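Chain order of the listed sequences is A and B.
Residue numbers for the first sequence follow the working numbering, so the first one is 1 and each next one is one higher.
Residue numbers for the second sequence follow the working numbering, so the first one is 1001 and each next one is one higher.
What the hints contain is simulated information worked out from the structure, not anything from laboratory work.
Treat the hints with care, since some could be wrong.
If you want the footprint, here are the derived chain B segments under chain A, 3+ residues with CB under 8 Å [to be verified]:
1) 1037-1044
2) 1151-1158
3) 1188-1202
4) 1208-1215
5) 1268-1277
Now the stretches of chain A that chain B is said to cover, found in silico as 3 or more residues with beta-carbon under 8 Å [as the list claims (entries may be wrong)]:
6) 124-133
7) 211-222
In this text, all values refer to a predicted model and were calculated from it rather than measured experimentally.
Heads up, the beta-carbon is just placed ideally off N, CA and C, and yes, glycines get one too.
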Amino acid sequence: MQGDGETVRTPDQPLVDVDGLVKLFPIAGNVFRKPSGFVHAVDGVSFRIERGESLGLVGESGCGKTTVGKLLVKLLEPTSGSIAFRFTDAGGADIPGGRVDPSTLKGRQLRDFRRQVQLIFQDPYESMNPRRTIYDTIAEPVSVQGIGSALDRVDRVAEILSLVGLTPPSAFLFRYPHELSGGQRQRVAIARALILEPSLVVADEPTSMLDVSSRTGIMSLMQELASGLGVAYLYITHDLAVARYMCDRIAVMYMGKIVEMAETEELLRNPLHPYTRALLSAVPVPDPGHHRPPPAISGEVTAPVDPPARCRFYDRCPLATRSCETSPHPPVEEKARGHVVACYEA
Amino acid sequence: MAEAGGRDSAGGGRAAPILRVEGLALRYLTRQGDVRALEDVSFALARGESLGLVGESGCGKTSLANCLMRLLPDNARLTGGEVLLDGEDVLLLSEDEIRSVRWRRISLVFQAAMNSLDPVYRVGQQVLEAIEAHGVETTATGGRERVARLFRLVGLDAGVFERYPHELSGGMRQRAVIAMALACDPDIVIADEPTTALDVIVQDRILRELKRIQEELGISIIYITHDMAVVAEVTDRVGVMYAGRLVELGETASVFGSPLHPYTEALMSSFPSVTGAKRPLASLAGEPPDLADPPPGCAFHPRCAHATALCREQRPPRVGLGDQWAECWHPLAADAVPLGGD
């Protein structure tokens, strides 16, 4: 697999290619017994992310979106399925060791992988060590990677601080997280993620803890940096309105499955899956004159513990037919260009 | 003072207000100095009305709720104003007297309500306890029937009585907490971020349910939230808070249609929507002020694009347009006129 690919330029090959990803979590049985069942957190998920693209992963709590993110950054190992990365240089040409299957990585290769793929967490209050200064927090990945001298690092951290809008850097370098506001902390988290110039950043609800006024600033900062540095995002969020601004494409997840995926405006204007429709019509609209009918969906989300083979959405679906009950979960089909849906009735 | 104006604009000429807050001021004594959590807050709430209070973290909206409930921490000092419930000042009541008001006339759905249920007691028992503690029902069967009625009202089935909080979904727990807030037939319910931790589909259901309950029982609801979209959908009037002050108040449709205060406009234009054309989001530079050391003049001036020397030096006057008013030197509508009073 390595020998033939390294020198060939294949610009149409995506940065990330996820195929049939599955992650099951065992439910503890009695001591010494085998598990009493499995939570199908991620159940056959496939998608691609192009270089510099922002893919939104949207769904309600428990739909598996965070698990997908953790699998991608190798904080979890998949039960089955494959993840393939293809890291390239700025010109899109292959770099040595640029084709990566994270499940096989060890040692030096793993360290290289960690440089290419970074994570931004939801809570800027919990994701930083309160006893370390902003400089320590941001410089840590650089020193772990053994890049540059100590002096270079100060310059580099100062540079990235001004890049994320914490200016003048000297006013922030040696402060502690508790001295900063939520928005400023999230800027530090972004600086820490970007200082290694990664190819992919997995951002898990990066703005959901922030106030409205600082949220917009963080959103536009992430967009500017992505286009400036060519970073791709897997942007995990429950908020479709935020996803609209942050993502080129959106994938909607329900109980471990991607039920619909399309370019952002196409998905919002022309949702095909009944779950996407329900989700969209449940989003409040900041316009007092707008009348929003209740979403067409019944019941509540249940945990996907050993779910039946039929469509995961069957129990809550307004379109469900008898054949939906007896057929397996519908395959993902392309209904329009780049617009895929997993539904027999859509 | 602004009394006459306040009274007339209460509920836009509807029934006499059930609650009137006048010039409320609250400080927290801290080692860093006095934090001015609330400063000169005045508004009225009509019977059956829903009023939204919006603002960012630290703007004083939860402090205001705690004042109305008289649930204040030891370091809090009320330094002025009155809270008139049917004409009686709640702030002057003794600890004993307030017990006949708190929960029985004004109740609160806490923020993070999911965590406000005790994990080791059955849900029904907790609601029952609230009813018994306030002597609303004295017999065991009367209490149980009341819980059953409350559960029906909030859309929980009777079986939930015997369940523990961890067995319920987030939405069901939220319903149970709402049932608890309604246990003593209050006139006013304060809902402090009632749906913030919930998924949108569940949020939609809870908000519709609250609206239905409000119409059924004729109660007034004060929604405290940072979510402009929720406010747009569920409230009749909205008050915008910034740095401990109410900076704008008016009918929700007018405030959204033509905001007077630049902060209100900034809040609205930074809020994304899934419908309509995709417009660029405005962002607001800077951070809210330190309330231990608020800036002179208008507290919003360091972040305001319209700020002038006047704004930096003097407290802005209250200016109005019909039922809508704002505290601003340079209101966004040219025809807004200064209101009499202070």
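Okay, the hints, checked on the actual structure:
1. Three residues within the 8 Å Cβ limit are the bar, and the segment 1037-1044 of chain B against chain A gives 0, so the coverage statement is violated.
2. Requiring three or more residues with a Cβ within less than 8 Å of a Cβ of chain A, the coverage given for the segment 1151-1158 of chain B is violated, as only 0 such residues are present.
3. Check result for the segment 1188-1202 of chain B against chain A: holds, 4 residues qualifying (beta carbon to beta carbon below 8 Å, three or more required).
4. With 1 residues bearing a CB less than 8 Å from a CB of chain A, the segment 1208-1215 of chain B misses the requirement of three and the coverage assertion fails.
5. Given a C-beta distance limit of less than 8 Å, the hint that chain A covers the segment 1268-1277 of chain B holds, as 8 residues qualify and 3 suffice.
6. For the segment 124-133 of chain A, the stated coverage by chain B is violated: 0 residues have a C-beta nearer than 8 Å to a C-beta of that chain, whereas at least 3 were required.
7. Given a C-beta distance limit of less than 8 Å, the hint that chain B covers the segment 211-222 of chain A holds, as 9 residues qualify and 3 suffice.
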